[in-house]
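Asker: Put together the whole structure using the sequences plus the hints.
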Amino acid sequence: METFIIQLLNGLVFSMLLFTMAAGLSLIFGQMDVINLAHGSFYLLGGYIGLTMVRRLNNFWLALVVAPLLVGALGLVLEYFFLRRLYGRHRHLDQVLFTFGLALIAADLIRWYWGAYVESVPPPDLLSGQVPVFAVQFPIYRLSLIGVGVALALFLWLLIERTRIGAIIRAGVADAEMVSALGIDVHKVFAGVFALGVALAALAGVLGSPVLNLYPGLDFEILILTLVVVVVGGLGTLKGAFFGSLLIGMADTFGKAFLPEFTLFLIFAVMAVVLLLRPSGLFGLEGA
Amino acid sequence: MAVNNVSISVEPGERRAIIGPNGAGKTTFFNLLSGELAPLSGRIFLDEQDITPLPVHERARLGIGRTFQRNNLFLGLTVYENVQLAVQQRLGLASRWLRPARTFEALRQEVLELLRALGLEERLFEPASSLSYGEQRQLEIALALAMKPRVLLLDEPTAGMSPAETTAMVEMIASLPRDVTLLIIEHDMDVVFSLADRITVLHYGEVIADGTPEEVKGNPRVLEVYLGEA
Amino acid sequence: MAAIASRLARVRLQFAQRRTWALLLLAVVAVLYPYLVRPYHLSLAIEVLIFAIFAMSLDILLGYTGLVSFGHAAFFGLGAYLVAYTTIGLTNNLAVTLPVVVVGTALAALVAGFFAIRTSGIYFLMVTLAFAQMLFSIAIRWSSVTGGSDGLSGVSRPAIGVGPLSYTFDSRTSFYYLVLAFFLLSWWVLRRIVDSPFGWTLRGIRENEQRMLALGYNTFRYKMAAFVIAGVFAGIAGMLLAQFFRHAAPENLYWTTSGQVMIMLIVGGTGTLTGPILGAAVIRLLPNYLSTYTDRWQTVLGLTFILFVLFAPQGIMGLIQRFRQRGERREHSENRTS
Chain C
1 METFIIQLLN GLVFSMLLFT MAAGLSLIFG QMDVINLAHG SFYLLGGYIG LTMVRRLNNF
61 WLALVVAPLL VGALGLVLEY FFLRRLYGRH RHLDQVLFTF GLALIAADLI RWYWGAYVES
121 VPPPDLLSGQ VPVFAVQFPI YRLSLIGVGV ALALFLWLLI ERTRIGAIIR AGVADAEMVS
181 ALGIDVHKVF AGVFALGVAL AALAGVLGSP VLNLYPGLDF EILILTLVVV VVGGLGTLKG
241 AFFGSLLIGM ADTFGKAFLP EFTLFLIFAV MAVVLLLRPS GLFGLEGA
Chain W
1001 MAVNNVSISV EPGERRAIIG PNGAGKTTFF NLLSGELAPL SGRIFLDEQD ITPLPVHERA
1061 RLGIGRTFQR NNLFLGLTVY ENVQLAVQQR LGLASRWLRP ARTFEALRQE VLELLRALGL
1121 EERLFEPASS LSYGEQRQLE IALALAMKPR VLLLDEPTAG MSPAETTAMV EMIASLPRDV
1181 TLLIIEHDMD VVFSLADRIT VLHYGEVIAD GTPEEVKGNP RVLEVYLGEA
Chain G
2001 MAAIASRLAR VRLQFAQRRT WALLLLAVVA VLYPYLVRPY HLSLAIEVLI FAIFAMSLDI
2061 LLGYTGLVSF GHAAFFGLGA YLVAYTTIGL TNNLAVTLPV VVVGTALAAL VAGFFAIRTS
2121 GIYFLMVTLA FAQMLFSIAI RWSSVTGGSD GLSGVSRPAI GVGPLSYTFD SRTSFYYLVL
2181 AFFLLSWWVL RRIVDSPFGW TLRGIRENEQ RMLALGYNTF RYKMAAFVIA GVFAGIAGML
2241 LAQFFRHAAP ENLYWTTSGQ VMIMLIVGGT GTLTGPILGA AVIRLLPNYL STYTDRWQTV
2301 LGLTFILFVL FAPQGIMGLI QRFRQRGERR EHSENRTS
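Chains as they are written, first to last, in our numbering: chain C, 1 to 288; chain W, 1001 to 1230; chain G, 2001 to 2338.
In case anyone wonders, no lab produced these hints; they're calculated from the structure. Worth double-checking, as some hints may not be accurate.
Claimed, not checked - One-sided and incomplete, this derived list gives chain G residues near chain C with beta-carbon spacing under 10 angstroms:
| no. | residue |
| --- | --- |
| 1 | Asn2093 |
| 2 | Ala2095 |
| 3 | Met2126 |
| 4 | Gln2298 |
| 5 | Ile2306 |
| 6 | Leu2310 |
Fair warning: this is a prediction, and the values are worked out from it, not measured in the lab. By construction, the Cβ of each residue, glycine as well, lies at the ideal position given by its N, Cα and C atoms.
Answerer: Shown next as C-alpha cells:
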C-alpha cells in the first residue's frame, strides 16, 4: 500500500512535468502547425542553465525565472531568423526538419559545454525535507511540483480562455488567415507563442532537474514522452495535454516500478489502444 | 451546408441535373453519394445494393466516379501520369509492383486515347500544375471518365471555362455512352437544358421541384426561388 | 521551334550516352575498388553502401509515398538484432539469416504500420518515432536477452552454400563484394518498384490521397505495402551492418540513427533513388574529414542539414537539376541567336 501511494504521488509529479512540456508543444503546434522536435533540447538547455546558476549563485529561485526567460529569448531569435522563412503551405516538413536539425546541434553543443556526466541539482533549502502524506513520507519539493503543475494548468487555461491574447491564440488555432485579415500581426503572435512554448519547456527543465537529474540523452527521452502525451491527448488542446500527461505520467511511473524492462512498451501499448479508438487522440479534433 | 430529407431516385442511363442557388446543398449531396460524407440518417442505394456503409474507395470501385467542384488533381505529376493513375486502377494493375508501368501496352494505349479524345494530347508531359484553369478542368473530368464509371457525378464541369471551352465540354459530355448514369451540378442553365433528361431543384437542403426540364421551367416555386434571389 | 526540339533531343541523347559510359566506368571502379585503396577506405565504402540501402528504403516512404517516418531505425536495428541472434544461436548461413531478417522486419512493419498508418501527417511522424524509441528501450533494459547497452557481440560474417561447397565472407574484400551485390540488387528491385504501376500509386498517394480514394484506391493497403517494403530493406541494411561490425548495438535503433538516415535523404534529395545514394556517401564521409578539423562535427552536420532544409529542400539532386536546366536554357538562347 505504501509503495502504491508513493508511486501514485511520483506519478502525479512526473505528470505535471510532462504537462508543462506538452502544453508548450501543443500550443506551438496549435498556433503554427509546427511540431517542435527541439522541445526536449529546450528542456535540457533550461535545466543546465538552471544548474549553472544554482552552482554559481546558489539561487534556485533566480534560476527558475532566468532560465525560461533566456530560453524564451532564444526562441524569439530562432523564430525570427529561421522558422519565419519556412511558413507557408508546402513547407510543413521543412519546419519539422529544421527543428530536428536544431535538436541535433543542441545535443552536441550541450554535451560539449556541460559534459557527458549525470548532474544532480539539489532542491531549494526552503523545500528540502519530507512531510507525511497519507501515512507515507514524501519529499516537500516533489509535492510542491504537483501544486505548481495544477497552478500552471489553471493559469494557462485562464490565459487562453479569458484574456484578449488568449482569444487571438484561439482564433489563430481555428483559422490563421482570418486572424491576419482582422489586422492582427500573425508573425508577432507566432513569435510570442513560440517563445512562450519553449520557455515552458525550459521551466520544466529547471523544475524537473532535482527529480530527474540532467544528462545528455534526457532531451530525447523527454521529447518522446511528450510526443506520446500529445498523440494520446490530442494535439492543440490544453485539455488533451493535461489528461494525456496524467495517463502517460502514471503509466511511466507505475511501469518503471513494476515492469522496468517494458515501461516504454507499456506506454506504446497505451498509445496504440488510444489510436485504435481515436486516431486523433482523446481530445483531438478529427482531421487534425 | 445541410441536406434534409432529400429523396431522389435516378434511373440507369438517366441524365439528371441538380440545380439550386448557392448554399442549396448540392455539393454536400454529391459528397453523400460518393462517400466523402457519412449521412446522419438515410440510405443510399446503387441498383439494389445498400452502399451507405461503404467507404469512398469501395463506392468508386462499384462504379461511382466523380469530379470535384475545385480541381482536385495530382499537381506534381504530368497529365499523362494523372490519367494513368485512374486507368491502372480500373484495369486492376495498381498493385503490379515489379514491372515498369510503361511496358503495360494496354495501359499506355488507353491513357493516350483518352487524352486524345479530350484534346490534351499536346500537353502529355506537362505537370498538371502548369496547365491553364480550363485544361485542368478537362483533366479533372478525364480522371473521372478514365474510371469508366456507371454513375458519373459532375460537380460544375464548366465552371470558370471560356464559352468555347464550355461548348466543347458540353459536346464531350453529350457524346458519353448512353448507359452511363449522369448527375450534373451546374449553374449554367444552357448547359443544364442541353444535357439533362430530368432536373432536381434543391433549396436550403430540400428538394423543391423534380421533373422534366419543361416541368421545372414552369414550376412557380422554382421561379420564386431563382427570381427572389436575383 | 522544331529545330530547337531536335537539338534538345540530341543533347538529351548525348547525356544518356555519357551517362551509360559514366555508369560503366563506375561499375569498373566499384569492382576493382578493393585493390585500389587502403583497408580503411574499403571499410568506408562498405558503410556507404549499407547506408545507401537504408536511405533508399526510407525514400520509398518519405520521397515516394509522402509518409514522414522519424523512426526508420526501428527496422534497421531490428535487422541487426535478428541476424545477431540467428547467427549466434543457430547459423551464419545467409540461406537462414536472410529469410529470418526479411520475415521478421516485415512482420514488425505490419504491426507498427497498422497503428502508424491509421494516423496521418504529424501523428504518423510521432508514432513512428515512438515505436523506434520503444524498441530501443527494450534493447537497453531487457539485457538478459538483448545484451543491454553492450548489444550482442560475436556475430560472425555470413556464409553461403552447404558442406564442402560453402563459402564464408570472412575477409573484408569478400564482404565488400557481398555488400556491393546486396546494394545493386536492392537498387535494381527498388528501381523496378518505383517505375511500376504500384510505384505510381505511391506517388499518387503522396500528391493527393483524397483523389486516390475517389479513384477507387484502398490507400491504406498501399501505404501498408510501402511501409513493409521500406522496413524490409532497412532490415537488410541493418543485417549487413551487424555482420560487418560483428556486433548489433542499441544505437542501431536509436533516434540518432533515424536522424542520420533522414539527413542523408534530405541532403541527397528525396523522390529519386540516386539522391539517397549521394546523401549516404556525403553524410558518411563528411565526419571523417571534419573530425580532423573539429570535434564538433555533429554541429557542422546539423548546420549543413539546416542549410539544405532552408535553401535547397530538393537536396543535391535538386541542385544538379537546377544547374542542368540552366545549361539547357543557355543552349536554348545560343540556338536562338545563332
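Asker: Decide, hint by hint, whether the structure agrees.
Answerer: Status of each hint after checking the structure:
Checking Asn2093/G against chain C: minimum C-beta separation of about 31 angstroms lies over 10 angstroms; hint violated. Among the interface hints, the one on Ala2095/G is violated; its C-beta lies about 32 angstroms from the nearest C-beta in chain C, farther than the 10 angstroms criterion. A distance limit of 10 angstroms between C-beta atoms decides the matter here; for Met2126/G the minimum to chain C is near 4 angstroms, and the interface restraint holds. For Gln2298/G, the shortest C-beta to C-beta distance to chain C is roughly 4 angstroms, which falls under 10 angstroms, so the interface hint holds.
Residue-level restraint check for Ile2306/G holds (minimum Cβ-Cβ distance to chain C is 4 angstroms; threshold 10 angstroms). Look at Leu2310/G: its Cβ gets to within about 6 angstroms of chain C, closer than 10 angstroms, so that hint holds up.
In terms of the numbered hints stated before, the structure departs from hints 1 and 2, listed from lowest to highest.
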